[in-house]
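Undergrad: Chain by chain, the residues run as shown.
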Amino acid sequence: MIEARDLAKYFDDFHAVESVSLNVSAGQVLALLGPNGAGKTTTVRMLTSLLKPTRGTATVAGYDVERDPEGVRANIGVLTEHHGLYLRSSGQEYLEFFGELYGLDLKICRTRIKELLDRFGMADAARRRTGEYSKGMRQKLALIRSMLHDPPVLLLDEPTSAMDPQSAKLVRDAIADLRQDNRAIILCTHNLAEAETLADAIAIIRHGRIIASGTPDMLKDQLLGPAIMELRLAAPVNGLGESLADVVTVVEQGDDWVRYQTPSPETANPAILNRLGRGNAPVLTLAEVPRSLEAVYLRAVEEDEGVSQ
Amino acid sequence: MDVSQFTRHDWTRALVITRREVRDGFRDWRILVPILVLTVFFPALMNFTASRAVAFVTEYGAPVIGDRLIPFLLMIVGFFPISVSLVIALESFVGEKERHSIEPLLSSPLSNLQLYVGKTLASTVPPLLAAYLGIGVYLAGLYLNLRWTPPLELLIQIIALTTVQATVMVSGAVIISTQVTSVRAANLMASFIIIPMALLVQGESLVMFWARYDVLWVIIFGLAMINAVLVRMGVRLFNREELLGKELDEINVRALARVWWQEFVGEAGRSPARWYRVEVARSLYKIRWPIAIMSLLVVAGYFIGYRYAAIFQLPPALFDLESISVDLKDRLEQFGLFSASGAGRVFFQNLRAVLIAAGLGLFSFGVLSAVILMLPTGLAGYFAGQVALAGYNPWLFLAAFILPHGLVEIPAAILVGAATMHLGASLISPPPGKTVIDGWLIALADWTKIFVGLILPMLAVAALLEVFVTPNVVVAVLGR
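Protein chains in written order, with the working numbering: chain W, 651 to 959; chain V, 53 to 532.
If you're looking for bench data, these hints aren't it; they were derived computationally from the structure. Please note: incorrect hints may appear among the correct ones.
The calculated lysine to aspartate or glutamate pairs, modelled on DMTMM-like cross-linking and capped at a C-alpha distance of 25 Å, are [stated by the list, open to error]:
| no. | chain 1 | residue 1 | chain 2 | residue 2 |
| --- | --- | --- | --- | --- |
| 1 | W | K702 | V | E256 |
| 2 | W | K819 | W | E880 |
| 3 | V | K486 | W | E782 |
| 4 | W | K702 | V | E293 |
| 5 | W | K785 | W | D755 |
| 6 | W | K764 | V | D76 |
Note that the structure is a prediction, hence the values are computed from the model and not measured.
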């Protein structure tokens, strides 16, 4: 649904994006992560046919971004970094205006507006001027605008920014539903927890280049190494770490706990439990230590910095 | 695609933008109040002023002043509401950019031209309607108070003048808006529109008090031409790449210099011969049409000058070619001719003239440059005409006084005018795939190549010919 090959964009001598390749299928969410100024917005603008790539090619919903920009824009919904509302218009007027721009029949457009406003709990605010809306409401209205014409592709820049937790959950659920409806979605965000919840694939972009990409699990294995297990005992045991060193790699330990790493937990974990059982050391818990996307992100950036230096 | 190829579908989409902007504009009291004041209150005030002024001047036996004042105020009543169009246009174009509401709009399937037309109409139509209404209020008041009705031609002229002035201000505002990222910067740059318009209105006022209403047609035609150029340029500039490719109002001098240098050196490397053969030749080919136009203008300049000789005739005694004696050379020597320093002075004088012409051409899309460079042949034509009126053969005069150095100097002037015209045209029509700035830099590189490679050497040769050869030819042909 979204396919980009070797995309690059130069502004004079500034290389905003350098060789970005992406592939997002229908029903997939790709989270594009990266620091400010990394090239996320420029990449999205090229995929929206707002900027012409200096190099490379891209197709969105089957339309070439250079050859058929109007086809591309008719088939995507874009939530821009800034909500960009007209503050003297009411929510209803604003959405009807965009419905007209996308060529929606007024009757169908109004039905769709009602559905979406209801879904995002905005029905009561429809007749109010958007200038009176809270930040979160403005963001929700902008999101509704991007979904109004029912596009097969959505490019969402910080969709939950400025939202209260309840509204943010509403939006996350909406994105999950859109994925289920077979939409291809690119999500630009700094909210790593959100990216982890929603994304099927992650691409980390820095200095205009993709420095890491793949599924969240793949990236975790690739950047953080094998999963770390944490074992807790009911009572302290002397020399706990040393006693397991021949089976796994111990990374941290205390009197009644140990953290270890193993490339094959399916064989190592039962063996350890057996050994402790035989040694009368009652096990309280054995669980994988959660590896956050934040750790993946920081490691990717750290490694890239090392490469750059 | 241009506006002439607009389909019904394009108009429908453009009008969606117009409707929204007009609706939003009328919700802004900062726009609404001035329009109302200038539409209703101001024409009523002008009406009162006109009535009192007419009564006053009639009392003192000078009714002609009142006769001139009424049409003048008609023009002013039309102009004031359209001055708001500049503010609306800057708000509409750069204001949206600053408030970031332009990006969702640009992400919609509208074409650049649909957006341009929609926004331009939104900025132009309400102030124009207000101006027409203001004119109506003023005329209605005049009719009721003084039973005065305007001549139909004058009314058409004022309506046409008001319309072209509004469209020029809006199309100028669009160009400014594409070059800046904030309303503040746009307001500062709006001086480039406000100052010429203020001067124009002053000029129009003179015309109105002078009662040379026929001159208004010339102004209307001139403004319509300027508008056509500005619209063309605006359509080129108002595109997504230009609007979003610029985050800050800054100039990257190094990058600009690189574009210019790459084009200037081209494929020549360090070989001057190759530079002449390939690069200068390429630039000359690019300006072939401007060369043709400039050549025609230079010839036209000669004939215009020749025609004016009969209108502004000088005493024939001044052109007594028979009085040229062989000792003329000695006298000319005293004026610095036949010397290197004399050649240097002529060279720098000509150089200054072509640089001034090029400099003025920069601000007028090459038009002023062409006009200035027509002057020398115009003067040659004028003097040839005077010579003919004095009873001599004008061709003999041209052959002796102009031809020797003119053979080099006139082509140099044609080249300067053509290269400057090309530079101006690049702003209106940049090469495909290039931004306006890049297109202009490429044209500037062409200009520099022609200037350095051809014009400077030609001016040097012309100066030498003018100082060392022309006087000899004059004495040889006409000396007694």
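Undergrad: Taking the hints in turn, state whether each one holds.
TA: These are the hints, each one checked on the structure:
1. W:K702 x V:E256: Distance of about 45 Å is beyond 25 Å: violated.
2. W:K819 x W:E880: violated, 31 Å
3. V:K486 x W:E782: violated, 43 Å
4. W:K702 x V:E293: holds, 7 Å
5. W:K785 x W:D755: violated, 29 Å
6. W:K764 x V:D76: holds, 23 Å
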